[in-house]
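Student: Spelled out, the chains give:
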Amino acid sequence: MTAGPVLRAVGLSRVYGQGESTVVAVDGVDLDIPAGQTLAVTGPSGCGKSTLLHLLAGLDRPDEGEVWLGGQRIDRFGQRALARLRRRAVGFVHQDFHLMDELTAAENVELPALLAGNSPRTARRRAAALLDRAGLADRDRHLPSELSGGQRQRVAIARALVNEPLVVLADEPTGNLDTAATHDVLRLFSDLRDAGQTLVLVTHDERVAATAGRVVSLRDGALCEDTLVPAGGSQLGAFLGWEG
Amino acid sequence: MQDVVLALLVKGPSHGYDLRGRLCAALGPLGETLNAGQVYVTLTRLEKVGLVVRDREDASARGPRRKVYALTGAGRERVAGWLAEPAGPRADVAEFHLKLVAAAESGMAEPLALVEARRRELRRSLAEAQHTLLAHGTDTEAGLLLEGIALRLQADLHWLEACGRAWSARAPYGKDGGNG
Amino acid sequence: MRGRLLLIWRLVARDIRRRPGEAVVLLLAVTAATASLTLGMATDNAVVGGYLKTREVTAGPDVTAITTATGPTALAGRIADAPGVDQVAAPVPGFSTTVRAHGHTENTAVEGRERTASAVDRPLVTSGTWVRSGGAVVERGFAQALGVRVGDRVTIGGRAYPVVGTAVSAATAVYPWGNWAEGPGPSDGGGRIWLTTDDARAAAGDESLLYLLNIKLSDPGAARGWAGTVLTDDLRGRDWVNTHSWQTFVDDNTRLLRSVQPALVVGGGLLAAASVVTLASLAAVRGPRDHRRAGLFQAVGATPRTVAAMLLAQYLLLTVVSAVAGVTVGCLTAPALADPSAGLLNTAAPPTTGIITTATVLALLVTLIGTLGPVLRTVRSSTVDTLADPAHPTAYRPRLTAMTAHLPTPLLIGVRLIARRPGRAVLSAVGTAATTVMVTAVLTFQVSLEADTARGASAVEEIRNAVTGHVMLGATVALVALSVLNTVFVGWSAAVQARRALAVTRTLGATPGQVIAALCTAQLLPAVGAIAVGIPLGIGLFALFSAVVVTPPGTWLATAAPAALLAVAALTALPAWLHTRSPAGRVLNAEPA
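Residue numbers (this note's numbering), protein chains in the order written: chain W, 4 to 247; chain F, 489 to 668; chain G, 265 to 857.
Quick caveat, the hints were computed from the structure, so don't treat them as lab data.
No incorrect hints appear here.
A few chain W residues that don't get close to chain F, going by computed Cβ distances all over 10 Å:
| no. | residue |
| --- | --- |
| 1 | S24 |
| 2 | W71 |
| 3 | R79 |
| 4 | R127 |
| 5 | P147 |
| 6 | G152 |
What the simulated footprint calls covered on chain W by chain F, stretch by stretch (three residues with Cβ under 8 Å from a Cβ of chain F suffice, anywhere in the stretch; the number is not a length):
| no. | segment |
| --- | --- |
| 7 | 180-190 |
| 8 | 216-230 |
These numbers were taken from a predicted model, which means no experiment stands behind them.
All C-beta atoms, glycine included, are put in the ideal place defined by N, C-alpha and C.
When you get a sec, could you build the whole thing from the sequences and use the hints?
Tutor: As structure tokens, then:
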């Protein structure tokens, strides 16, 4: 593992539309994400969170600025190179899971591994390990339609991890989940964080953001706040009001 | 209340009637419970501890003469200290709201900076609550309490978002909190 | 690589299991097209196969020499000594005459044969026995044309002979080219009957006999050129000698099927067009699903090429299966078609590489034309869009909206539906046009046939017409079936794709009846155009391959066109009706994720 940022954005901008009806979705964002950090990007809907995440994942191309991932500048990559990069270095988790309905949980997790050219056996082994980690070892043969929302999202997270990516990017991963399911998903993220996985999650939910080690706020496409949450600390006692 | 009244005097000396009007404008319907007497009592107390001094007495066209108060150096220090100190996790909505108004009125702090500091503070608390919650689970009694705390902090953060939007729209140094 | 193949296989297999209907539709459409094309190409092949089999079983000659020489033995001796000749069988006497059976009179060669087997050309008895004194053996194809079976009687030169057997031989071409004994001058064609040598000589009476020499060469491949190089004037003597190589029999046999092939190939082409329609509407129905899949694959790091391969694989795998099925069906059916006169032994000849290649190319072409467009569109759209928006945005057309505003409700919705998806209108038009072309061609054929028969047709023409009639009927049935499938399918896909818009329309007060009428309108308007184009095209296409063309009477066409339209309307109404049965609110709530 190398020190320094795994993922880095420099003066990143993305503008939609042409002529008078342009919308600046991302406006000159600078961001350094060191290895092992969990970063939450929050902000009201329409603030450009998702666009930023797509730019970082190489799913979209910036109009200005640079994206560096694992020491490589990726914003000028061609489609094929980007695809290979996504396969190898990026795990993406979507709000509505985007699992393949016709594949079982295990097969969904195996999918990126097989795409990356791994042997079926390797893929199966990794998928089994990840599903176990996600607490879904007994659900590997279930179709997504037979799983709850939270289980589906955990399958999707396992899928994002199967190629051991440099960074996992999650776009509103709990947006479609109820409280209990959110709790399960956040616990899985928390495990990942403890395991040193670099993680970027976009959310409008402060409670979800609060599980990250660092929270940045985005407003009108620009970064407006950057909070590092120290580990530990005990401010909760203040809620009792017994201190004074 | 003392801190707010002091902050309203930063820009210049004023009398109790005017101060009450400005407080009522900031508090809206909530301010209706505030009677003129409370403001005068507060001013008298502040004068006693040397935070304000009676400046002069204005003659108004109608009604009684008005005592005009001005801030002392100690008063100004007190305001600066109040604006800089964190509100604490339990601080209620009206209190922080008045602080923002006071910051804008006095010009001694940037409301947006206060919002951000507050957000940082709340986020740290929320992070702690969430981590503890994830570690302990929601189905215990303690979990239930933590859930309540987390929900409250979440609500505060939501409101803070609205504050941020509103105050950034009135930049710089809103005068809306002024004479009304 | 193995992993990726596994992945593709998984997706294709799951897809087939989840939606077997779609797979069956694809299989049927492509199989029909390839089978028809294979049949068109395999008939020649089957004729050759049938002849070669017959030749092998009956020890068929490489070359036959027919002579008017009264003493053929000397000629036979000279030929036997000639270079390249392996064997010459004893000369077979024969003469050309007429035979009567069941009131029909036909030309035939009557051949005198020993009861023992000859060295070359041993006709294979397919029913009854070989010749015996007083009994005749009729060549199988000829027997079928005459309608005689073992036990019937045929009359030759005023004497009746019981038919003791039927047989096939490779020493002449099949009926109606079996009459080898006509001597110099043009041939009228006819059949072939075997008697014992004595009976034949007796039946000939005063007629001069000709002799058939069956010759085996050391190199059968050289048969075609043999007569020109070896059979010199010295060898020939002064008598009339006519030779045929075995290859000319093959040529004659295949000639019988010449008129059938255009029907098969054109039918195959029309079926291919209809299959394209099926596949394109299949791709349209699968569109949103494919779109979602593509987005997902791109998001997890599949290159555009992999995504395209993945999407195409699900069609292509089934296409290859269909091509194999089509070629198999074609080759198995070919012999039955290839031997209309029953003069050969039927064998299912294995398909040549040419047939396999052409059929596969056609199948792939059909699939690619139908599906490549949507697949490429899907691959090209950006990943983010693909994941975010499964449906294609439809352009707003203010002028059209204004223009249609005055139409009655069903027509209004119908026209707007067409405008939303002009591609589908083209699809249903192509499908209907293909069917119309074929139906018109069949009608034209029937009318022309009647005119032809009235003028008097030869045996060859009759056989040809009968076979062509069968083939055209077969192709038409297949095409109509596929077209019915297409219409239902396109109608259904229209209902599915427009379900949201139609549900909204219904919440705004359109009755289910109006919605059904609208969907029918959206299908009928293109169908009207298709029929208007299809009818002249059908007649034109028929004229291209047929010498005699009589335009079908106007009343026929006037009946056919509305009937086709009615069928289209009925077939569209069915899926539309099924679609409108569920309450509008449920449709709006249950939008696909």
